[in-house]
Amino acid sequence: MRVINFMGRRYLAAIFSALLILTAIGSLATRQLSWGLDFTGGTLVEVHYAESADLTGIRSTLESGGYAGAIVVSFGTDRDVLIRLPAGYSDAQGAQMLELLRNNGEDEVELRRIEFVGPQVGDELREQGGLAMLLALGLVMLYIAFRFQFKFAVGAVVALVHDVLVTLGFFSIIGMEFDLTVLAALLAVIGYSLNDTIVVSDRIRENFRKLRRADPLEVVNISLTETLGRTLVTSLTTLLVLVALAVFGGEMIHGFAIALIVGVAIGTYSSIYVASNVLLSLGVSKDDLIIPVKEGADQDSLVP
Amino acid sequence: MLNRYPLWKYLLVLVIVLGGAFYAAPNLYAPDPALQVTGESSATLVDDRLVEKATQALGEAGIEYFGETLDPDGRNALIRLREQDQQLRAQAVVSRAVGDAYIVALNLAETTPDWLTDLGGQPMKLGLDLSGGVHFKLEVDIDAAIDRRMEYYLNTTKRMLREDRIRGFIALDGARTVQGRFRSEADREAARKLIADEFPELLLDRVDTEDEWVIRASMTDASVDEIVDYSVSQNLTTLRNRVNELGVSEPLVQRQGKNRIVVELPGIQDTAEAKRILGKVANLEFRLVANADAPPSERQRFEYRSPDRAGVTENLERDVIITGERVSNAQASFDQNGQPNVQISLDSEGGTLMSRATRNNIKRRMGVLFIERKFRTRYEKDENGEEVVVKIPYDEKKLLTAPVIQSALGAQFQITGLDSPMEASELALMLRAGALAAPISFVEERTVGPSLGADNIRLGIKSVQYGLGLVVLFMVLYYRVFGVAAVIALSANLVLLVAFMSIIGATLTLPGIAGIVLTVGMAVDANVLIFSRIREELNNGLSPQMAIHSGFERAVATILDANITTLIVAVILYAVGTGPVKGFAVTLSVGIVTSMFTAIMGTRALVNLFYGGRRVQKLAIGRDITAGESA
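Protein chains in written order, with the numbering used here: chain A, 17 to 320; chain B, 947 to 1577.
Just chain A, with the same shape it has in the complex (with noise of 0.2 Å):
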C-alpha cells in the first residue's frame, strides 16, 4: 500500500483551517445566528390553505387585526404559510390569530401547528445548550485523555471545537434558523466527529507501538492512509441517510439534517487534517504511548 502523505501539507491544511474558523467567527460577531423561535421566544403559526395563499392578503388581514410585526412567509409549498410574531405578544395570541384568519380567509384553513414559547424560556434553552456542549466536551476529554493520551485529547477537542464553530458559521452565513433540533444535531456532529477522530487515534497508538523505527510524521501518515478506507465508507453511508433525510423528512427536520451534512463533512476533514496536525505540533512520539506495567488484557492483545 501506498502511504499518502497527508502530513506533508500539514500547514497548507492549518492555515485552511485557520480560515474557516475565521471566517465563521467572523460571521458569528457580525451576522450572529439567526435564532428560532425555541431561543427567542414569540408566537409561531403554521397553517395550511386548500389552495395557494395569498400572502399578501394574510399580511393585511394581520395589520388590520392589530398584529403588528407579523412576519409571514410560505413554508415549503406555496399553501403552507408560516406566521411569526416577536416576542412580545401573549400565549393566546396564536389561537386568536388562527380565529382571525378562519373569520377572513376565503380558503378553508387548516392549522397545522402553533407554537408558542415565553422569553424566559428561551434564554434558559440558550444557557442549557452552551453548557451541553461545554460538558460534552469537557466530558471527552477526559474520556480520551484517561484511554488514550493527555495530547490525543487536546487534538481530539480541537478538532470538536473546529466542527462546532464551522457548522455553526455556515448556519450564520446561509442565515438558515437555529432552533432546537439544530442544537441536537451539533451534539450529534461532536459525538460523529469523535468517533472518527478516535478510529485515528486508534491507529496511531498502535502503529506507535508497531513501527519502533518510524518517526512521528510516518506514523500519523501511515495511520492515516490505512484508515482512510473506513473513513470514507462510513461518512459516505452516513451522508447517504442523512440526504434521504434532508430530501425526504419534511421541512421540520430540515434544519437538522442540513446541520448533520455540513458536520459529517467537515468532521470527515477534520479528523484527518485537525486532530492529527495538532498531535503533531504537541510533540506527539512514542514516548508517550509507552505501556505501563499494569495495562489492561484488552490492551495487549493490541501489540504483536
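Hints are supplied without guarantee of correctness; some may be wrong.
Some chain B residues judged to face chain A by a derived CB distance under 10 Å, without partners named [stated by the list, open to error]:
1. Gly-1008
2. Ile-1009
3. Glu-1010
4. Gly-1078
5. Lys-1083
6. Met-1106
7. Arg-1108
8. Asp-1216
9. Arg-1404
10. Gln-1411
11. Tyr-1412
12. Gly-1523
Hints are computed from structural coordinates only; laboratory data are not their basis.
Using N, Cα and C, we set each Cβ at its ideal position, and we do this for glycine too.
Starting from the known structure of chain A, arrange chain B on it as the hints suggest.
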C-alpha cells in the same frame, strides 16, 4: 482457525433477534381511530343504551363505525371508526347525542392481537409531533407563594402579640423576613419565644440598636424549598383533576425542574378550551348546615359529591363562613386513637372568621361545598342559519362532607369521623385542590394539528426507507458477501431498536425518527471497521480464516472506544435536552447499544455460518477504495 461459534452462541443471537422481532411486532398493527365515552363524574356510568344512542347518531350522520366495546365496570366505552378524518365530526355528533353528562374523547385504539399483549408486547407511544395534540409548559409563581406565606407569618405574629399584649412594630423586611421592633428587651424576648414556638421553621436573629430591640424572623432555604415543593405538587394535583375533565385518552401531567409543569394532551386541537379548563378556578365554601326550622329563603339544598352517597342531600345556610382561598393546608392524618382525620390550617383571617362563626354553634354541623366551573353545551343557529356550539358556564356546587362542630374552631382544626384513611386522603386532596397555592402561567405552548402529525410519520418512514435502501445498496455492492452479512445485521439492529423502545415504553418523536435514520448510517461503521481490518490482514498475507478472526478481534477495541464516546454525548443530550431533543437522544443511545451487539456478534455469527469450519481460498469482501494503488 476455523471460525466456528459454539451452538449456544448461534442460539443466543437467534433468540435475541427473534425476541426483538416479537416485541417490535406490535408496531406493525396500525391503531384504529376511535372515540372514548366516559362519564363526566365517577358516579356517571356508561351502559349499553348509551352506546346504542351514540352509534345510532353515528349511523344517522353516515359515519362508519365498528367494534364498540364497553368496560366491564361501566367506566368507559370505546367506538372504533373506519376513517381517521371523520374522527372530529364523529366526536361532535356523539357529544351531542350523549349530552353534557358524558365526555367524548378522541382516541387511538390499539389493534395489537391478544397473544402479543399477553406477553407484554405494546407499540411505541407516539410523541405529540407525530400524533397531534397540545403541549403546555406552565410555570408556578414561586414568589407569589412565598409572599403569601410571609403574609401569613406577619398576620399571625401580629395577632399573637396583640393577644398577649406585647407592644411592638411588626412589618415585612424584604421578601423573606418579618421584622419586629420593640421598646424593651423583655418585650422582644417574649415575642421571640412566641414566634419560636409557633413557627419553629423560622430563623430568628436579634439586632440591638440604641433605643430599639429588634427581632428578625427569616425563612430558611429549606423552608423556601418546602413551600416551592408544596405549591408545585398542589398545582400538579389540581391540574391532573382538570385534565381528566378534558377527556383526553392519555394525558401527561409532569413536574419539570424546580417550578415547571408540563401538560401534554394528545388529540386536543382547541387550545383555547384546554387553557380555559386548566386555568379554571375550583373553590370551596364552608357553610353551616341549616336548622330544621330555617325558612326556605335562608337555606339551599345540595347533593353529596361522592358516588357512595349519590342522591343524599343536605340543607345549608346561605351565608358563607369562609371560601377556599383561606385554606392554607389540608392533610390526612390519624388522631391519638388511630382514627383517620383531616387536619386543616386556615390563614389568620380565615381563623378569625371561623372562630367567630363556630363559637356559638357548637354541636351544629358544618358543610364543605366543592365548587367547579362547568359548561353546558347548547346548539344554536347563527344569523346564517348555520348551527353553532355555544358553551354556557355555570358553577356546580356539591357537598364534600358535613361534620359536627365539637368546639369553637380556630385557624387549625380537624375533621374526624371519617370511615377510612382513603376517605381522609381524598378529602384532604379536595380541600387542597380548592385553592391554588400559587398562581401559574403558561410559558410554552406547542400545538400540532393532526394532518401535520400524520405527515411527519409518513415523511419519517419514507426517509428511513430511502436511507436504509441507499445504505443496503452501497454495502452489498462494496463488500459483496460481507456486505450482505452487514445488511442483515443492520436490519436486525433496526428491529432490536424498535423492540427496545417499545419495551421501555419510550416515546417516538420526529427527532427520534431522525435518530433512527442516523443510526442506520452510523451503525454500519462497526462493520466497516471490521471489514477494513480483514482486508488489511488479507493484504498482509494472512489466510482467509486467520484474517476473519484477527479482523474481528482487533476492530473490537476501536469500536468500543468510538461508541462509548458517542454514548457519552448522547447521554448528555438526554440529560440537558427537552422534549424533542430527548427523543433524539433516546433513539441515538439505544441505537448505539443495539448496533454494537448486531454489528459485532450478529455479523460474526453470519460470517462464521458462511465461511466458518471449511477451507476458503478467497473471501468475497470487495476491494478497498485505496487498494487500487497498491504497489
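Quick rundown of the hints versus the structure:
1. The beta carbon of Gly-1008/B comes no nearer than 20 Å to any beta carbon in chain A, farther than 10 Å, and the hint placing it at the interface is violated.
2. Look at Ile-1009/B: its Cβ only gets to about 20 Å from chain A, farther than 10 Å, so that hint breaks.
3. Violation of the interface hint for Glu-1010/B is found here, the shortest Cβ-Cβ separation to chain A being roughly 23 Å, above the 10 Å cut-off.
4. At its closest, the beta carbon of Gly-1078/B sits 9 Å from a beta carbon of chain A; the interface hint therefore holds under the 10 Å criterion.
5. At its closest, the beta carbon of Lys-1083/B sits 7 Å from a beta carbon of chain A; the interface hint therefore holds under the 10 Å criterion.
6. Because the closest C-beta pair between Met-1106/B and chain A is about 39 Å apart, greater than 10 Å, the hint is violated.
7. Interface restraint check for Arg-1108/B: the shortest CB-CB distance to chain A comes to about 41 Å, outside 10 Å, so the restraint is violated.
8. A least Cβ separation of about 8 Å between Asp-1216/B and chain A falls short of the 10 Å threshold, and the interface hint therefore holds.
9. Restraint check, Arg-1404/B versus chain A: the minimum CB separation of about 9 Å is within 10 Å; hint holds.
10. Interface hint at Gln-1411/B: satisfied, since its Cβ lies 8 Å from the closest Cβ of chain A, which is below the 10 Å cut-off.
11. The interface hint given for Tyr-1412/B holds, since its Cβ lies 4 Å from the closest Cβ of chain A, which is under the 10 Å cut-off.
12. For Gly-1523/B, the interface hint holds, since its Cβ comes within 10 Å of a Cβ in chain A; the closest pair sits about 7 Å apart.
When each numbered hint is compared with the structure, violations occur for hints 1, 2, 3, 6 and 7.
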